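Peer 1: One letter stands for each residue in the lines below.
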Amino acid sequence: MTTPLLEVENLRVSFPTHSGRVEVVKGLSFTLGRERLGIVGESGSGKSMTGRSILKLIRKPGEVTADKLSFDGIDILAQSEKQMRSIRGARISMVMQDPKFSLNPVMTVGAQIAEALVTHQKLPRRDVQARVLEMLRAVRINDPQRVATLYPHEVSGGMGQRIMIAMMLIPEPELLIADEPTSALDVSVQAQVLDIIDDLVTRKGMGLILISHDLALVSRYCDRVLVMNSGRVVEECAAGELDKAQHPYTRGLLAAMPVIDEIRDELPVLDRTQWAGT
Amino acid sequence: MIAIDLKNLDISYGDTKVVHDVTLSIPEGESFALVGESGSGKSTILRAIAGLAPDWTGEISVLGQPRSHRIDRAVSRQVQMVFQDPYGSLHPRKTIDAALTEPLAIHGIGNRGERVDAVLRSVGLDQRFRFRFPHQLSGGQRQRVAIARALMLEPKVLLLDEPTSALDVSVQAEILNLLKRLRREQNLTYLMVTHNLPVVSFLCDRLAVMRHGRIVEVADVAQLKAGQLNEPYSMELLAATEGG
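Respectively, the protein sequence lines represent chains A and B.
Using my numbering, the first residue of the first sequence is number 465, and each one after it goes up by one.
Using my numbering, the first residue of the second sequence is number 1007, and each one after it goes up by one.
FYI, nobody ran anything at the bench for these hints, they're computed from the structure.
Note that the coordinates shown come from a computational prediction; the quantities given were computed from them, not determined experimentally.
Any given hint might turn out to be false.
Think about it this way: if two alpha-carbon atoms lie no more than 25 Å apart in a straight line, the pair counts; the simulated SDA-like pairs of lysine to any residue are [stated by the list, open to error]: (1) Lys564/A to Pro1098/B; (2) Lys1231/B to Gln656/A; (3) Lys1186/B to Asp725/A; (4) Lys1231/B to Ile551/A.
Build the full structure now, drawing on both the sequences and the hints.
Peer 2: Next up, the structure:
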């Protein structure tokens, strides 16, 4: 067994409110090797906050504490902002939800991807250009030369998301965090985008954390799944065995989803009083 | 009776024609789905029926009455629309009560207090939500309010534009159950736009697959459940749902 890529122990994230601090992540622990981990939960379950705290992206007055939060032996919480900059992007990168809001509207696609690369590596300009085109090809964009000169508003949502993936993967990080990478996309495009992520992650041997509210999707693309509810992990299981999940919350989520050959007259609804929620 | 009848409908936004030659007829009481990828023109058809996309040619009739190109009070009594994003479709500075009373005021209907009361009950919202603002409600509650608003005028037809795609699966289940119950209780006709085929399977009787502004195929939900759609593009959509 090699040392895990990421170790998280007793992670807590809290925000102040009028009635004291509210914890949105309450003592989360997991380790991640070079594998694909899915984090599933409803809105407000703290799954995105977990992803953000790994990159130290929680701004004040939010507060992150953990007994251990280490990436490849580096203690993330002890790093200065300057040191974090050499980790963010270069070693851990994050794909956000909506390409419309996450790409720079006044820079061409090619320039943005190149920027992600030259921030972390010194390369001759010709090589940069070649790498950008190669990366665009890797995310299955057919005519990279043309697309590289376009602005974000000139591309479709699915293409925008692929561009963002290209940007995130070009510095060849060791860990990719994908926070709802496809929820802004059509079903037909969703599969394509996830296949690309999956392909690149497997080929380069990266670690992947896929954050989503879609159980079916996560079980298809991950090795292991954490199910979160109000800041805690309620269940952890191998993705293939999700249908054998034990916890009532997980079972409730699974049952609430309509299926293609639906015969139920009514969908079962979660009884929220059952789990320590509000 | 035919609830919605579309004949050779073309719809444009400015110089761009978005929907080409759509002919469709939906009998009263049916729940009909339009599916397809973004940009295929499915929402535009709803907008044209609701009067929000006035640049169309062809024929639109609602419950036997041809629709004019303008905002039409008689039509809005019969046809109401529920939008995708519950966060964007309620006025942030109006209470739920004000939002629900407005359609009654516009149409000069009295007895407003009781009507609001009744509609809130039918969408499963407690009376204490009545004088709250949208930001005090969760996404699922807001979508209930949006549905309540659409039901205020006691319409016969509801146009549903991706009513659950902005919601979590568990909340989606609640809203789908609600829509199913309302349809049974009030004998509504649904025309729903979605790209989620399992939702179609749960809520609808028939579906039309759209691509590039045209209807590719009209099929029965039984065909969808059995995975027996005729057109290759429809099968592609189905495969994307199941396998990807």
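Peer 1: Looking back at the hints listed earlier, which ones does the structure fail to meet?
Peer 2: Per hint list: single violation, 4.
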